[in-house]
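> What follows is each chain in one-letter form.
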Amino acid sequence: MKALEIKGLKKSFRSNFLLKKYHILKGVDLEVEKGEIYGFLGPNGAGKTTTIKCILDLLAPSAGEILVDGQPTSSPAARRRIGFLPENPYFYDYLSAREFLFFSAALFNLSGAEVKDKVAALIHRVGLSGHEDLKLRKFSKGMIQRLGLAQALVNDPDLLILDEPFSGLDPIGRKDLRTLILSLREQGKTIFFSSHILQDMELMVDRVGIILDGAIRRQGKLSELIARSIQYYEVVCDHIAERELANIQANFACRDGYFILTLASDGNVNQVVESIIHNNGRIVAVNPVKMTLEDIFFNEMRDSR
Amino acid sequence: MKASVKGIVINTFRESARNKMFYLLVFFGILFALSSKVVSFLTLGDAMKVLKDTGLAAINFFCVLIAIFTGINLVFKEIEKKTVFNILSKPVSRDEFIVGKFLGLALTMLTALGAMSAIFFVFVALSGGGFDWGILLYFCMLGLELLVIVAISLLFSSFTTPILSFIFTVSLYLIGHVMWTFNEFKALLRVPAWKALIQVLYYLLPNLDKFNIKNEVVLGTALNPWTMLFSILYALAYIAALLALTVLIFRKREFQ
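Chains as they are written, first to last, in the numbering used here: chain A, 1 to 305; chain B, 1 to 256.
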């Protein structure tokens, strides 16, 4: 059974005035395996937050099916297994961090001494120790984000849904959050997070889904997507005369005493390497230059236009 | 009560109790109730009657003001500030959210009314008056009226802006206190369809005058227990109907 399964999700809105229909989601299909980190990637307005709101029943899908652990998320019982951090979270500023976490626990019908220990542990885990009795109106954006993560973990969820969790965080906050997310995966949690910050995504995710204009354009294991996407090869060599090298491959550069040949991804690398060796040259390295997630993302964006 | 609903009740109560505006209105309510002493000095006749009359009117006015101002923002603010995402993304149904919000505000209102009433009783005693059961009954009926007003403002707050909610709630409050004019107006009409429409409106709109027993209390006239019982049942049924309607609207609500 999948941790999260979305089949043919569509969502349209009508404008208030002319009742014109806007199709935001045009058929989203995705699957998230248990225990993986799934990166939901897309530019602003692609439909990431709308998809997440449909998962959490904050929006009713126009069509399609959403299952968490085999159960439709429209039932409150299915949401018992989910932890959610909204984008740019705003919490009740008249509460302290501790009061807010107790309130969040109560929403899961959790109460008693067990919750007291859990709240104390969560405050420590997200690095808010010493601030537990401070009113939230005095919290910085980074502290609110940490608290948001704590409330998302209060029910010890199987599936964690994080909407743009890195937005507004400083480099230290981002690193801490990355470490925390990776530690949650080690505990067997499934993490589904949306972002448009590619660097963070590339560092963490197992699988990625790229959403553009309300539909999933590409989905798969990040390692496979990148492995399939070799842009060109770089052959680094030395101990060979420039004239002989020009006979083998016209396109090369000289850097720090090494020759660097650039070969197209479909070029004959073996033949070039053999020719260099045959001419008494020394092969220092053969590097396949792969596409980054950013390259894949921008290629998809270009193709979709 | 489920822990989740209890959590929403306590949080709603906390929100009001930590709002400076709430304290300001409670303070003015008490201040105006106590200033009835000055009015009673300036008036000829039964000073105690004037004191009770103006004091009760002041408490009534400020309690209604608190109920409307707090109620119209209740759900709207949760949606506007997106704090509702945090609640409804958890295993909390929309029905539980509305019921929790209502009970939280009801608790707030009854606490404010209780505080004002207690101070008023002490004040009457210090002014030479004894404990009056009639006044206690008046406060109970005012409490019921406040719960109906809270339910009305909650209904509007669930689908429209605070300004429109304010206009609708105040309009219903004012109409609710002149419902007796509907019968007089109906008698003047000749077309049966119009008569029927007025009759329907008479039953649909809140008859808040049913909770007003101030004249009987101040003048010391007897209260009919059956009328009182009917008013209590009317309030409970009306609140239940309003909450059911609010829940129906809120179930369809989307949070973009």
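Don't take every hint at face value.
Claimed, not checked - To be clear about the criterion: a stretch of chain A counts as covered by chain B if any three or more of its residues have a C-beta under 8 Å from a C-beta of chain B, and this derived list gives those stretches:
hint : stretch
1    : 57-70
2    : 109-116
3    : 275-287
To be clear, the hints were calculated from the coordinates, so they are not data collected in a lab.
As the structure is a computational prediction, the values presented were derived from the model and not from experiment.
All residues carry an ideal CB built from backbone N, CA and C; glycine is no exception.
> Does each hint fit the structure? Answer for all of them.
Hint-by-hint comparison with the structure:
Judged by the Cβ-Cβ criterion of 8 Å, the stretch 57-70 of chain A is covered by chain B as claimed, because 4 of its residues qualify and three suffice. Taking a C-beta to C-beta cut-off of 8 Å, the stretch 109-116 of chain A contributes 3 residues in contact with chain B, enough for the three needed, and the coverage statement holds. Check on the stretch 275-287 of chain A: 0 of its residues sit with their Cβ under 8 Å from a Cβ of chain B, so the three-residue criterion for coverage is violated.
In this structure, only the earlier hint numbered 3 is contradicted, and the remaining ones agree with it.
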